[in-house]
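Q: The chain contents come next:
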Amino acid sequence: MFTINCPYCGERDQCEFSNGGEAHVARPKDPDQVSDREWSEYVFVRANPKGIYYERWVHTHGCKKWFNAVRNTSTDEILKVYRLGETPPAIKGFKNTLKSPSGEPEVGSGNFTVKKS
Amino acid sequence: MSENKIYFKFDGKTYGGNKGDTIAAALLRNNVKLVGRSFKYHRPRGIYTCGIEEPNALFQIINEHNEPNVRATVKKIYEGMVVKSQNRWPSLKKDLGSINNLLSPMFSAGFYYKTFMGPKGFWKNVYEPLIRRTAGLGKPPKEFKSKSIHLHHNVDILIVGGGLSGLLAAKKLAGTQYDVLLVERENVLGGVLKNTKKIKSINDQDSSDWIEKTQRLLENSNNIKILKNTMVTTYNFNNHLIALEDKSVGKPQDNNKPELVLHKIRTKHTVLANGHIERFVSFRNNDLPGVMLAASFEKYIHRYGVVPDENPVIFTNNSSTFGLVKSLVDLGHRPKAYVDARDQKKIEKETLNLLIKYNIPLYAKSEIEGCDGKNGIQKVSVRVKKNEIIKIKTSMLCVSGGFNPDIHLFTQSKGLIKWDDSFFTFRPDKPFQSTITLGSVSGNFSYQKTVDEINKKLSFLDGVNDLELKLDINGSEKFQIKELWETKHAKKSLWSKSFIDLQNDVTTKDLKQAVLEGFNRIEHLKRFTTNSMGTDQGKISSVNALGIVSKILKKNISEVGTTIYRPPYTPISFGAIAGRSTYEFYDPERKTPIHPWHIKNNVVFEDVGQWKRPWYFKKHNSETMYEAVQRESKQTRESAGILDGSTLGKIEIKGGDALTFVNLMYTNSFTKMKPMSGRYGLMLGEDGMVKDDGIVCKISDQHFIVTTTTGGAANVLSHMEEYAQTEWPNMKVYMNSITEQFSTFNISGPKSRIIMGRVFTNVDFSNEKFPFMTFKFVDYLDAQVRILRASFTGEVGYEIYVPPKHALKLWERIFYFSKDVELVPYGTETMHLLRAEKGYILVGQDTDGTVTPIDLNLNWMIGKKKKDFIGKRSLTRSDIIRGDRKQLVGLVPINKTYGIEEGQQVIEEEDLSTPIKKPIKMLGHVTSSYFSPTLNQCVAMALVKGGNRKIGSQLFVSTSNLNTIAVEVVTPNFVDPKNERLTS
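So the protein sequences, as listed, match chains A and B. Going by the numbering used here, the first sequence opens with residue 1, and the numbers climb by one from there. Going by the numbering used here, the second sequence opens with residue 1, and the numbers climb by one from there.
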């Protein structure tokens with residue numbers, strides 16, 4: 001149960017917010033011009049990485065405004081919160097903890113209670 | 001009989017204990033050794049520990065809760081308490097279940113997975129009922145209204161544990177800028193200081209005096225809050241922790257006060273000072289009553305003033321048991337023998353001196369092979385040399401196998417642990433959050449090092465001074481331990497057991513068998529054997545299991561790893577988690593302004609979301625729902641009916657781009673729609689599926705009011721906000737819910753026009769002056785009422801939107817003017833019937849998120865010339881245009897005396913007699929079905945594959961007893977198909 005720093009209201013408990021999935025997925029400007037496949041990918045397909053993820057949240061039990069966040073999905077650490085319309089922060093600005101091929105971070109994930117050398 | 005004594009009942013017998021005693025301490029005071037029967041084998045069990053880690057002494061407290069599995073070592077007695085032992089019949093001494101012990105070779109590891117496979121029918125009729133009756137330890141509690149509350153804390157520093165380290169950390173922070181919360185699970189501060197006499201003095205004071213003085217200092221500090229009787233059970237992300245406070249320690253439940261408080265703590269830094277737990281050793285019959293952990297025995301002496309046995313045998317592999325020997329001899333008692341697994345050279349001088357001084361036989365480099373006795377220890381077997389065993393008569397055996405820092409909370413916080421070879425245990429290593437460990441939980445078992453550790457680890461805080469402390473210790477702090485997890489049985493036997501998990505009756509043999517069967521990963525081993533899966537989570541034994549397994553697998557323990565420790569650390573009742581959100585406080589009840597009138601008129605309510613909606617009205621007490629609905633429906637079509645539709649969502653949309661926005665949100669085109677008119681609108685998801693429906697009313701191109709379904713109101717508004725904010729932020733449009741700002745009445749029927757004319761005398765309701773799907777604003781008292789000519793019953797009808805303050809009066813006025821007209825109030829069930837008769841869909845009943853407007857034959861609602869709207873592009877996806885999609889059709893039974901039920905499957909086969917030769921194709925299902933009082937037969941709607949092409953043909957629906965009913969597929973518009981009544 002983490003906290004999220006709403007850009008309009010300040011730091012609040014996670015339970016006040018609803019997650020809105022991946023951020024920066026633009027609706028095609030001219031839906032008639034895109035193929036079935038492109039349209040279906042817009043409607044149904046979203047990225048699901050383990051690690052740095054750009055996503056949307058809405059402050060459902062508060063100001064009801066939408067905003068963006070960068071979260072590490074394996075540690076649930078919210079690295080940055082930014083408003084709609086602001087330039088998304090560059091990914092290399094974040095300490096990317098993915099070390100192994102399958103992306104397991106050093107700490108805080110799954111069955112890794114004992115430190116692995 | 002002393003005045004200070006507290007009397008309670010255990011298994012029908014009355015005992016006296018002292019104030020502050022736990023049930024276990026009081027029973028030991030009365031020499032009660034047998035307290036339970038084990039889970040699987042029903043072996044006799046005694047009190048094993050003196051704390052939260054107790055595996056055996058679980059009792060049922062008989063009161064208004066009948067709480068099961070209460071740990072006797074935690075629960076404090078009160079006058080008149082009634083306590084019962086569990087899992088035995090007819091009594092503890094003579095338990096029939098002990099036959100399981102004889103049959104035990106069959107109940108080895110994996111037993112649950114390998115048995116109860118057949119014959120057919122036995123699981124449902126024999127095994128499951130039997131297992132349900134015999135499984136578990138206690139009986140489930142009676143239903144009761146929980147009296148628990150939740151409290152929130154936001155602090156800078158949370159200190160878990162009020163022992164030496166916790167108190168010193170709090171003292172260091174007293175008077176500083178930090179908001180500190182100190183949480184202690186016992187009813188007194190002091191922790192281990194109260195369990196042993198290891199510390200002679202603190203700052204030249206007796207440790208009890210020092211604790212009291214420190215407590216007063218902390219209580220007088222403005223920035224420190226202390227919670228006692230509070231157990232931290234859960235450590236979540238973002239330094240969010242849960243603690244459970246017991247408000248009725250040492251007294252019965254007070255009906256007017258909360259019994260449990262769930263504390264939800266958000267902190268910037270967590271200081272874990274929650275100590276350590278002693279572990280046992282596995283040997284033959286290490287579960288007999290009379291076996292107790294050594295430090296627990298010592299704790300009974302110092303904390304409760306109880307000596308469980310005056311001459312126990314002590315078995316150890318480490319230095320700590322010096323304290324136990326000293327405690328006994330100081331009271332004039334003498335241990336029967338001291339059995340130490342270590343070499344005599346390794347045993348500390350002070351212990352040896354004591355043993356010699358008091359003539360206590362020492363068996364160095366020895367171990368307990370096993371113990372024997374009926375319902376309790378009568379003798380122990382000591383292996384002094386490889387093949388030499390001597391027997392010693394005794395009734396108690398104190399065991400110490402070493403100490404484990406209590407790392408559960410630390411690992412819950414996602415901190416990493418590492419193996420420590422000097423103590424043969426796991427200790428905290430790398431924290432994941434701001435977590436500081438102090439004292440024995442961090443692996444620091446030296447009292448002298450405590451102050452330096454605290455000063456060093458808290459040095460990152462501002463404005464905090466170093467602590468100074470003078471500690472005088474009894475004896476040395478040198479710690480020596482020999483690795484010992486289990487001892488070998490002298491004889492091989494099917495029935496001899498050494499336990500590795502006392503609560504779940506898991507033996508060391510089970511561990512070995514599991515590895516043999518291929519379960520060599522610790523997570524698999526745990527689940528296959530159920531080791532450490534009881535309510536005690538194997539606190540005194542789980543590291544031992546790892547030790548044993550590592551030897552079998554020939555790996556280091558750190559390679560074997562541990563299983564994940566999951567919250568809660570100790571059991572939390574569901575009542576505590578629910579808090580006040582139970583019964584009438586579970587969910588808010590939303591009522592319309594007409595609610596009191598409904599109740600006066602014999603309504604039966606239905607829950608739609610949080611709303612109480614009239615379901616139907618009973619004309620007289622014995623009227624059934626079926627009769628009521630038939631009556632309401634018939635009367636509405638014959639004269640008039642009125643429905644309280646206040647619960648349906650209403651959204652006001654305004655702005656320069658309101659028209660553009662509404663055109664994007666709904667399938668219809670509203671551009672050419674005249675102001676002051678309304679249109680039935682469909683809202684789709686981006687996937688093309690019907691999401692909601694409602695009426696869109698245009699006041700002007702910049703001002704709309706739309707309605708939604710009751711259950712969809714919040715979703716529709718969120719959907720609109722999402723698009724307006726994230727997709728088209730430059731559009732000038734804003735929207736707001738006005739659901740509660742207006743009460744809505746739906747009045748319909750051939751006589752509705754007359755009634756409206758009588759109520760609103762200034763309005764011309766003629767067809768020419770008030771056409772279908774137009775609305776007007778009408779002055780009413782000091783406000784405005786909006787009247788829309790629309791109905792969803794297929795009869796002439798009107799929707800009235802009135803401010804809540806006038807709603808009930810207007811409703812009653814309508815009935816006043818209808819006395820001669822037979823206006824009937826109706827509810828949601830009749831509303832569904834009337835809609836079904838017209839083939840009008842109900843979103844969520846006839847649709848389920850997989851149905852498009854084309855499937856519903858509502859193509860006419862799609863604006864042909866609209867370039868774009870939400871869901872439009874999806875309507876041309878290949879999956880949406882394929883011909884065998886399910887389409888909405890009507891069904892009528894060919895034999896008009898039969899009824900069709902919602903949910904019945906639509907099929908082509910008539911005969912469903914078994915055995916069925918090939919799979920029956922399911923073409924679809926019945927979504928709505930009612931007996932129509934107007935047509936005197938059943939009418940239904942169904943979603944059927946390729947339904948449109950099947951109109952006119954015959955299909956079947958299957959019934960629950962494998963019969964079929966022949967149906968004709970028709971267009972779903974049964975009553976007044978030409979809609980003449982509606983637009984008259």
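These aren't lab readings, by the way, just hints derived from the structure by calculation. Where a beta carbon is used, it is the ideal one built from N, C-alpha and C, also for glycine. Please note: incorrect hints may appear among the correct ones.
Covered stretches of chain A (chain B as the covering partner; in silico rule of three or more C-beta atoms under 8 Å from a C-beta of chain B) [as the list claims (entries may be wrong)]:
1) 1-11
2) 31-37
3) 44-53
4) 56-64
Q: Provide an ascending list of the numbers of those earlier hints which the structure does not satisfy.
A: 3
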